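**Q** First to last, the sequence lines map onto chains A and B.
Quick note: the first sequence uses our numbering, first residue 1, plus one each step.
Quick note: the second sequence uses our numbering, first residue 1, plus one each step.
Because the hints were derived from the structure by calculation, they are not lab data.
Keep in mind that this is a model prediction, so the values were computed, not measured.
Please note that a few of the clues may not be correct.
[To be verified] As a list, the in silico EDC-like pairs of lysine to aspartate or glutamate whose alpha-carbon atoms are at most 20 angstroms apart:
1) A:Lys-454 x A:Glu-475
2) A:Lys-281 x A:Glu-308
3) B:Lys-181 x A:Asp-131
4) A:Lys-281 x A:Asp-293
5) A:Lys-454 x A:Asp-481
6) B:Lys-181 x A:Asp-151
[To be verified] Away from chain A, derived, C-beta distances all over 10 angstroms, residues of chain B:
7) Ser-34
8) Ile-123
9) Trp-151
10) Leu-179
11) Leu-189
12) Ile-231
13) Gly-232
14) Leu-265
15) Tyr-295
16) Ile-298
[Unchecked claim] Listed below are several chain A residues computed to face chain B (Cβ distance under 7 angstroms; list not exhaustive):
17) Pro-88
18) Gln-101
19) Ser-110
20) Phe-123
21) Glu-331
22) Arg-334
23) Val-336
24) Ile-506
Backbone N, C-alpha and C define an ideal beta-carbon position, used for all residues, glycine too.
Chain residues, written in single-letter form:
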Amino acid sequence: MSEIAVEETAPAAPAVTPLVAFRGLRRNFGETIALADCSFDIVPGEIHALVGENGSGKSTLIKILSGILAESGGELIWDGKVTRIADPRAAQQAGIATVFQETLVLDQLSVRDNVVLGLDRLFRRVQSTADETRVVREALDTIGMGALDPDMPLGALSLAQRQGVTIARALLRPWRLLVLDESTSALDVDARDRLFEALRRFRGEGRSILFVSHRMDEILDIADRSTVLRSGRSVATVTRADTTTNRLLELMSTHEEAQAAEGAVPTAPQRAVGAAVVTAKSVEIVAGSGPFDLAVRAGEIVGIAGLEGHGQVAFIEAVAGLRNPAQGAVETDRGVVTSFLNAARAGIAYLPRERKTQGIFAPLSVLDNLTISALGRFSRLGLLAEARRRAEGMRLIAQSHVTTPGLAAPVAALSGGNQQKVFLGRLLALTPRVLVLNDPMRGVDLGAKQDIYKILEQFASAGGAVMLLSTELAELCLLCDRVAVFHNRSLFAVIERQALNEQALIAAMFGQTAAARGAG
Amino acid sequence: MKFKIDWGAYYWPALAGFALLFVGNIIANPIFISQDNWRPVLLGAAPFIITTWAQTVPIMSGNGDLDLSVGPLAGLVNAVLAMTLPDLGITDPFSMIAIALAIGVVSGLINGFLVTVVRVQPIIATLGTFLTYQGLTLELLPISGGSAPPWMRVISGSVFGVPGVFFVFILIAVAWWLLGKTAYRRNLLAVGGDIRAAYTAGINVMWVRIMAFVIAGVLAAITGIVFTATIGAADPTIGTPYILTSIAGVALGGVAFSGGQGGLLGAAAGGALLFLIENLFSLAQVSIYYIQIAYGAILLAALALNSVVDRARRRRAAEALV
């Protein structure tokens with residue numbers, strides 16, 4: 001790989017003075033090196049993409065730039081001067097506005113308060129409520145959410161709208177560099193298009209954008225240049241003309257991984273499909289949304305898709321026993337699912353979307369995280385049989401392709417992708433019959449995605465049933481035997497493998513009947 | 001701006017409970033609402049209400065913030081006003097009030113510094129200052145004594161037929177309302193709601209929290225002034241009981257212990273509730289021990305109710321996200 005690095009670390013240097021330049025920026029947390037050596041420039045009036053797998057140092061770099069972390073070494077040159085950004089306030093005063101990956105919002109406050117958050121001093125307000133309302137509307141309008149009532153409590157908003165609020169919060173600051181850290185993930189297509197339109201307009205005004213996304217199509221669409229990070233090092237900066245998905249994948253991963261990610265699909269093997277394991281019978285997600293049936297059979301991977309807020313999440317939560325449908329029931333051969341506990345007893349294992357808050361136990365070890373749901377299996381007279389538990393831990397690590405320094409390592413020290421694999425391993429420890437997965441590949445690096453694909457394939461081949469909710473359509477096309485598409489809080493279409501492609505999915509998500517129809 | 005009644009607001013249970021007990025007190029003793037009784041009732045309720053207000057502000061700032069020193073600080077201010085300052089020949093209202101409030105500010109800065117800069121757990125940090133203030137009070141005033149200066153009759157007596165202490169409430173309410181017009185209230189709710197959101201948005205999280213303790217200190221100092229006016233002297237044990245009641249009052253007032261929610265209206269109702277209970281018990285000549293038991297039980301019941309309400313609210317929010 002080094003030849004690529006040599007070839008590309010010095011790209012045709014732009015003649016303009018960079019707005020920000022990183023020179024050998026480093027950051028370590030104790031022994032862990034999060035950022036090893038990062039050097040690149042962002043010039044005024046460019047949209048610069050930052051690409052890399054999870055754990056490649058993107059988040060660390062952004063946190064340094066936003067004043068949340070201090071660098072351990074190297075230089076950050078802002079507007080020609082070596083600068084150390086002390087805290088988020090200092091970043092904003094310098095003209096850096098960041099939209100973080102997490103939607104950091106306050107449910108109790110109004111939309112307006114959430115958007116103008118932090119502009120004020122301790123006691124002094126910088127503008128009147130009327131002025132606030134005006135600028136908030138303008139900022140929200142940029143992403144097509146201008147109709148949102150600024151007085152509405154934020155708690156009533158959908159995830160997409162919440163993300164819109166965090167974007168608006170950054171937009172109305174007097175920024176020169178806008179940092180978007182995977183902040184388009186929850187937006188619907190329309191809002192994202194409008195945001196991109198606005199970003200191009202800002203670029204025309206000579207302002208700069210640092211853009212992080214796991215979505216190649218977005219990067220190809222909007223980035224003028226892309227810098228690739230790998231293991232905390234900036235390996236290359238490529239210009240728009242040289243940017244292709246293959247090129248970026250190649251740069252951010254080792255060769256094998258790039259090939260695996262791009263082409264080498266886990267080619268849908270002939271799996272023996274058995275009897276229905278979970279059946280939704282006349283389920284209505286909310287009263288009046290229309291009943292539907294859906295059966296998931298053993299040995300099958302069924303995709304669940306839909307635009308944000310169209311009921312697909314509520315549906316899989318109903319399958320997992322986390323909520324009750326308004327009408328109808330989810331049934332297994334062991335009875336009707338009425339609670340999380342009885343769903344679990346029926347062999348349904350659920351992986352929630354929020355790994356950090358609903359998934360892993362950050363302070364606990366990899367072994368504890370893997371076995372915590374199945375401790376009963378290792379207990380003798382109420383005491384844990386450590387040797388058996390460790391053996392099972394080793395088996396699960398192998399089965400889930402987890403890369404870890406050891407069973408005793410704190411799970412928080414692993415990369416996001418590896419944490420997700422540990423989480424999945426915990427579910428496998430329960431020897432479930434059905435895996436219900438809520439967007440498991442969200443924010444997971446390519447290597448880990450490949451591993452998770454393999455895990456799901458193996459699970460299904462062994463006769464397990466998988467319900468896979470994913471926001472990445474390519475992934476659904478890759479993995480699923482069929483995809484159930486939700487629209488207006490009901491099942492809209494089930495697309496079989498032979499008819500499965502992104503266009504068909506998108507059409508169905510938007511309620512277009514062109515795609516193969518028929519539920520059941 | 002049009003006035004809207006928010007029936008879902010956090011303070012309704014507290015107001016309802018208050019109304020219920022108010023009627024209960026009248027039934028138990030019809031003299032309770034006679035005009036002559038207003039003054040002693042308000043004076044009796046004042047430390048309950050004002051210490052609950054004091055406690056509310058740090059609790060609203062979330063992150064486990066609370067101030068165990070509010071009661072003892074009020075006691076310390078009482079000792080300083082009735083004993084130390086008269087001994088030094090300082091008896092004019094202006095100096096006395098200024099010194100009392102300054103003690104409150106300094107105490108708030110100390111608590112806030114310990115919690116945000118030294119990063120001691122709030123419950124431990126303020127336990128430390130609580131014990132310190134108690135010791136300091138006993139050092140200044142080993143037994144009850146001293147005397148309140150004559151001008152304090154403005155508070156303990158009546159002005160134009162209205163109990164003087166009523167104006168203390170009004171002053172605090174107006175100050176809080178004015179504070180709500182500044183950015184501080186919003187900053188406070190943000191820090192209490194999610195400190196990371198507040199920090200990354202550029203709010204000076206440290207000073208928001210320190211100011212919450214300063215406001216608590218100032219309100220505790222005002223309680224100290226009211227104590228002095230009420231008993232006309234100093235009593236080294238007067239403040240301590242109000243630690244527990246201030247926390248119970250906050251819980252009863254519907255203020256979320258997780259922070260980021262609440263206000264002085266609910267807290268006032270919560271504090272007043274406790275006073276009404278005590279009043280009812282003393283009318284019924286129930287032993288003081290039972291009052292303690294009742295406070296403990298009420299505190300637990302209020303916390304349980306809070307969490308039920310909170311869960312229902314979260315469930316509604318989750319359903320809205322479908």
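**Q** Hint by hint, where does the structure go against what was stated? Just the numbers, ascending.
**A** 2, 10, 11, 18, 19, 21, 22, 23, 24
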